[in-house]
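Novice: Protein chains in written order, with our numbering: chain Z, 1 to 307; chain R, 1 to 326.
What the hints contain is simulated information worked out from the structure, not anything from laboratory work. Small disclaimer: the values here were computed from a predicted structure and weren't measured. For every residue, glycine included, the Cβ atom is placed at its ideal position computed from N, Cα and C. Nothing false has been slipped in among the hints.
Not close to chain R: a few residues of chain Z, all C-beta gaps over 12 Å, as computed:
no., residue
1, V213
2, N251
3, D269
4, L292
Cβ-to-Cβ under 7 Å is the rule here; a few derived chain R residues that face chain Z:
no., residue
5, R85
6, E86
7, P92
8, P98
9, S100
10, H109
11, G115
12, D162
13, R193
14, M194
In silico lysine-lysine, DSSO-like type, Cα no more than 27 Å apart, as pairs:
no., chain 1, residue 1, chain 2, residue 2
15, R, K143, Z, K61
16, Z, K211, R, K143
17, Z, K49, Z, K61
18, R, K143, Z, K49
19, R, K83, Z, K27
20, Z, K49, Z, K211
21, R, K18, R, K71
22, R, K83, R, K71
23, Z, K56, R, K143
24, Z, K61, Z, K211
25, R, K164, R, K18
26, Z, K211, Z, K56
27, R, K18, R, K83
28, R, K83, R, K164
29, R, K71, R, K164
30, R, K164, Z, K27
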Amino acid sequence: MSAERAAVPTVAEMPERYGEVFDRGYKHYDGPRRGRRGAITSLIGYSMKRAMGIRKSWTAKIMPFLLYLSASIPLIIMIGITAIVPDFPFASYSDYFSGIFMLVGLFVAIAAPEMICVDRHERTLPLYFSRAIYRGDYVLAKVVAMSLLTMTMTGLPGVLLWLGRQLTSDNIRQAMVDNIDDLWKILMLGVITSLLLGTLGLMISSFTNRKGVAITIILIGFLVLTGAAQALAITLDEYEWSRWFLLADLNTLVASLSDRLFSDSTTPDEFVQQLDLPLGGLIAYMLGLTVLAWFILRWRYAPRDDV
Amino acid sequence: MSSQTEIAGNQAPVIETKGFTKRYRGFLALDNIDLSIPSASVGLLGANGAGKTTLIRSLLGIIRPTSGSAKVVGFDTRSQGIKVREQVGYMPEADALPMSTTAADFVGHMAEMSGLPPREARQRAADVLYQVGLGEERYRLIKGFSTGMRQRVKLAQAIVHDPKLVFLDEPTAGMDPQGREEMLELVERIYRRMGISVVFSSHILEDIERVCDYVVILDGGRLLASQPLGDVNETLGQVSIDIDGPHAPFIEALREQGVTVSEMPSEVTGMPQIVVDVHDERIYDVVRDVAVARQVTIRSLRSRSKSLEDIYLGNVNASREVAGVS
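Using the sequences and the accompanying hints, generate a full structural model.
Specialist: Below, the structure written as structure tokens:
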């Protein structure tokens, strides 16, 4: 060892060498190994960080920051109004969720391609698949990561709104006990919406290696589907079956779920009324769509000879 | 090298395959491969398209073999894939690094992906990046790295979880001579200093001769040879002689003494050298006496051995003749 250290300055003088190999001794690792579960947990955390631009250049952080800011402003306004005028009807949960739906959609359109396309584009998949995970674990980790991130745009602001409303009441403790049901409903809405939008976003992104293409497909697909579904529902509203077109409209689905859960909307949505699905049916349909998107995503990562 | 080969001979094989076959649509990539490879620095030699990468990826479980079975570090690749991948590292040939992250972050993440807890993973990443010569650069974004530095990051992620075996797929591909030399140094260190068995895939004979003590030769998906490199280097019954001064008079004098002698280019330098057939130990005395009589200085006198190239070309040609390929 000492002899090699003594030789270091001589070799380091060679200007063309950008790095030198020293022998400070290699230590074998004999600590704990967390196996597959640890690998999945790591992939979830890493995917979330990358999608949020953490430990990346500042430009990667701009869009997530702006979207969080946009979701926070109505939240702050609503809590503020509730504090001043406790019975002001504008600050309902349904109105808030309807108001931020577009932001959530935009958030998914930006975050999902970052999670999926980058691994394909930079060809890191063989490195992941040579690790202690199955391909299904990779898909699972990405869906969990994307859903958790989307929860920060759906469930988390909802919880903050709930908390804000309780904290501005006269008897905080009693208000919390009385309104605990709303908290569960918020979480249910957040989880179902996040799973659906997150998995759909990942599924669409899995068909291309390019982030820009995936973002465009998600946004245009969302707008076209919404527009077409609503146009058909309006045009053919004399037929009872025309309401089923609205099943392709994610905006109406989420608004319907919110309406069924809270029944507190101040401005009733005509499409929600036209769709008129019971709560159980809505949840089953949204979860069914999520499972379908999951299967397609899983199929995209089935063993192939080119990956 | 010989000591490592002896050690290898006493250990259980790190790779065993039986009837290992991979068929793509209309194309046989691996043809009924039976292997038993000891813990060693193993060279996986073959031309482009010989099946090296397919074999590595199949052994890792990244692609599924069509038939046959394989055990890697004692675990079945089909039923114990996770166990295999926990104990094995892989450095792919192609670019496979995220550009907008730091080397430390990515290698640490790969350590976690192999099951190490976060704190240990960060520590291991720092240690291993230091080992591959990127200690100072580990907090730089990978997109700012040269080709050689990126290869080192790929190598670091392959060994960060302290595997028992590491597959290196063409690690010197696309590198300049300096970078290639440094990569070969690292590969040597992995087996000899770190004690990690290496499967080093390459189509460059010289690289394999330099760092490996066992060789597996593939051609067109078929296994041509699997043997210690020491066995390959069998002697040819010739000595090569370097002398100062002109060769012709010295060669003529040797022939006058009945020695079978010729002149051919050196495998190392390409310069002409004198080659003498040694049928009898007394030939050395004749060479010495002629040199003294002619006042010729002998610079070196080496026994010629069969090179890996001889073995490779011999096997490939024989195999193609059997297969009826001209």
